[in-house]
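*Asks:* Sequence:
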Amino acid sequence: MGIDHLSQVLAELQDLDPAFISVTCSSKTSQLAKETVKVADYVQNQCQVPAMAHLPAWYLSKADVDRILEQLRAYHVNRVLVLRGDERPNLQKKNDFTHASDLIAYIRQNYPDFQITGACYPEKHPESLNMVDEIQHLRLKVAAGCDQIITQLFLDNQCFYRFRELCAVAGIEVPIIAGVMPIVNERQANRILRTSAVAVPEKFKNILAKYRDHPQALKQAGITYAIDQIVDLVTNDVAGVHLYTMNQADTARQIKQNIGSLFQVQCEGAK
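Take 1 as the starting number for the sequence shown in my numbering and just add one per residue.
Don't take every hint at face value.
To be verified - The calculated lysine to any residue pairs, modelled on SDA-like cross-linking and capped at a C-alpha distance of 20 Å, are:
id	residue 1	residue 2
1	LYS203	GLY240
2	LYS203	CYS159
3	LYS219	GLY240
4	LYS205	ASN157
5	LYS34	GLU70
6	LYS203	GLU186
7	LYS256	ILE227
8	LYS62	ARG108
9	LYS205	ALA189
10	LYS256	VAL49
11	LYS34	ALA19
12	LYS34	PRO18
13	LYS34	ASN90
14	LYS62	ASN78
15	LYS38	ASP66
16	LYS93	ASP133
17	LYS205	THR224
18	LYS38	THR24
19	LYS219	GLU202
20	LYS62	LEU129
21	LYS210	THR235
22	LYS34	ALA74
23	LYS219	VAL9
24	LYS38	PRO89
25	LYS94	ALA74
26	LYS256	MET246
27	LYS62	HIS99
28	LYS94	ASN78
29	LYS38	CYS159
30	LYS205	GLN158
31	LYS256	TYR225
32	LYS205	CYS159
33	LYS34	GLN71
34	LYS38	ARG67
Simulated from the structure, these hints should not be mistaken for lab results.
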């Protein structure tokens, strides 16, 4: 995405008054840290919206992390999302952090002023043996120093509720933010269904089948499906919702216009 387009998207997201904007990493080896810091600075200081920078443990050395966090601190960015990182053929792994929990512990010990968010998987990470194994790994992340966790996308809210119960039984008490991705086009749907181990309810399959050849209708149906998910989550006392908008500001705008007042009610109920 070009810088002009990105600036436009960020300006539109800024108008929606989000709690934060997540800044993902560049896939270019030499630009991994530089681009993340650059965009986080822009979000935090030009858009005046809290930025949360992604840090992939596999591809960062301790020196990299020190440099990035010092730069982020100088730009008044104090939120990070720590991930292990996915396999990327064009990136060389470093040897300092084998797991996300290793990087979380390093940041918590050396940069205690940062708010650390971890990733979690309501339907388990593809490499986890089962949900017991998944929860054990998540407990390590939380014990290492997570302030909150954000889920991978899910299409069936019951998967989230079962996961939340498992966390409670395991003594995981940090806020669990539900990650919701509005599926607004066929290409996005095919990619998600191909690469993500998420359960696909019949209702969603029917939406894809009915509107596959009607892009605008599919977009509206996808947004409506996400809205229904969010209404149900808020009704069931979710700690928060993170929209994976994929730089589609219009999608976020439509959702907020429809149900933005729900979050005010949720905040009032928490007083």
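*Asks:* Now tell me if each hint is right for this structure.
*Replies:* Here's how the hints hold up against the structure:
1. With a C-alpha separation of about 24 Å, the suggested pair LYS203 and GLY240 falls outside the 20 Å cut-off, and the hint is violated.
2. Among the hinted pairs, LYS203 with CYS159 is consistent with the structure: their alpha-carbon atoms are about 15 Å apart, no more than 20 Å.
3. The straight-line distance between the Cα atoms of LYS219 and GLY240 is roughly 24 Å, outside the 20 Å bound, and the hint therefore fails.
4. Between LYS205 and ASN157, the direct Cα distance comes to roughly 15 Å. Compliance with the 20 Å bound is thereby established for this hinted pair.
5. Between LYS34 and GLU70 the alpha-carbon distance is near 12 Å, which keeps this suggested pair within the 20 Å criterion.
6. Straight-line distance between C-alpha atoms of LYS203 and GLU186 comes to about 16 Å, which keeps the hinted pair within the 20 Å bound.
7. Our distance criterion of 20 Å between C-alpha atoms is met by LYS256 and ILE227, whose separation comes to about 9 Å.
8. A threshold of 20 Å between alpha carbons decides the hint, and for LYS62 with ARG108 the separation of about 13 Å falls inside it, so the pair holds.
9. Under the criterion of a C-alpha separation no larger than 20 Å, the hint pairing LYS205 with ALA189 is consistent with the structure, at around 10 Å.
10. The straight-line distance between the Cα atoms of LYS256 and VAL49 is roughly 17 Å, inside the 20 Å bound, and the hint therefore holds.
11. In summary, the hint linking LYS34 to ALA19 is not supported, as the alpha carbons are separated by about 24 Å, beyond the 20 Å threshold.
12. For the hint linking LYS34 to PRO18, the alpha-carbon distance of about 24 Å lies beyond 20 Å, and the restraint is violated.
13. Taking the CA atoms of LYS34 and ASN90, the gap is near 17 Å; set against the 20 Å cutoff, the hint holds.
14. Distance check on the hinted pair: LYS62 and ASN78 sit about 18 Å apart at the alpha-carbon level, within 20 Å; holds.
15. Distance restraint check for LYS38 and ASP66: the Cα-Cα separation of roughly 16 Å lies within the 20 Å cut-off, and the hinted pair is therefore satisfied.
16. For a cut-off of 20 Å, the pair hint linking LYS93 to ASP133 is broken: about 24 Å separates their Cα positions.
17. Taking the CA atoms of LYS205 and THR224, the gap is about 14 Å. The hint holds against a cut of 20 Å.
18. The straight-line distance between the Cα atoms of LYS38 and THR24 is roughly 11 Å, inside the 20 Å bound, and the hint therefore holds.
19. Proximity of LYS219 to GLU202 is assessed by CA-CA distance (about 18 Å); at most 20 Å being required, the pair is judged to hold.
20. In summary, the hint linking LYS62 to LEU129 is not supported, as the alpha carbons are separated by about 30 Å, beyond the 20 Å threshold.
21. At roughly 29 Å between alpha-carbon atoms, LYS210 and THR235 are farther apart than 20 Å, so this suggested pair is violated.
22. Proposed proximity of LYS34 and ALA74 is supported: the alpha carbons are some 14 Å apart, at most 20 Å.
23. Proposed proximity of LYS219 and VAL9 is supported: the alpha carbons are some 18 Å apart, at most 20 Å.
24. For the hint pairing LYS38 with PRO89, the CA-to-CA distance comes to about 24 Å; that exceeds 20 Å, so the pair is violated.
25. The straight-line distance between the Cα atoms of LYS94 and ALA74 is roughly 25 Å, outside the 20 Å bound, and the hint therefore fails.
26. Proposed proximity of LYS256 and MET246 is supported: the alpha carbons are some 16 Å apart, at most 20 Å.
27. About 13 Å separates the Cα atoms of LYS62 and HIS99, which keeps this hinted pair within 20 Å; it holds.
28. Under the criterion of a C-alpha separation no larger than 20 Å, the hint pairing LYS94 with ASN78 is inconsistent with the structure, at around 24 Å.
29. Restraint check for LYS38 and CYS159: the C-alpha separation of about 36 Å exceeds 20 Å, so the hint is violated.
30. Among the hinted pairs, LYS205 with GLN158 is consistent with the structure: their alpha-carbon atoms are about 17 Å apart, no more than 20 Å.
31. In summary, the hint linking LYS256 to TYR225 is supported, as the alpha carbons are separated by about 14 Å, within the 20 Å threshold.
32. For a cut-off of 20 Å, the pair hint linking LYS205 to CYS159 stands: about 17 Å separates their Cα positions.
33. Note on LYS34 and GLN71: the hinted pairing holds, with a Cα-Cα distance of about 10 Å set against a maximum of 20 Å.
34. This hinted pair checks out: LYS38 and ARG67 have alpha carbons roughly 13 Å apart, not beyond 20 Å.
In this structure, the hints that do not hold are numbers 1, 3, 11, 12, 16, 20, 21, 24, 25, 28 and 29, in rising order.
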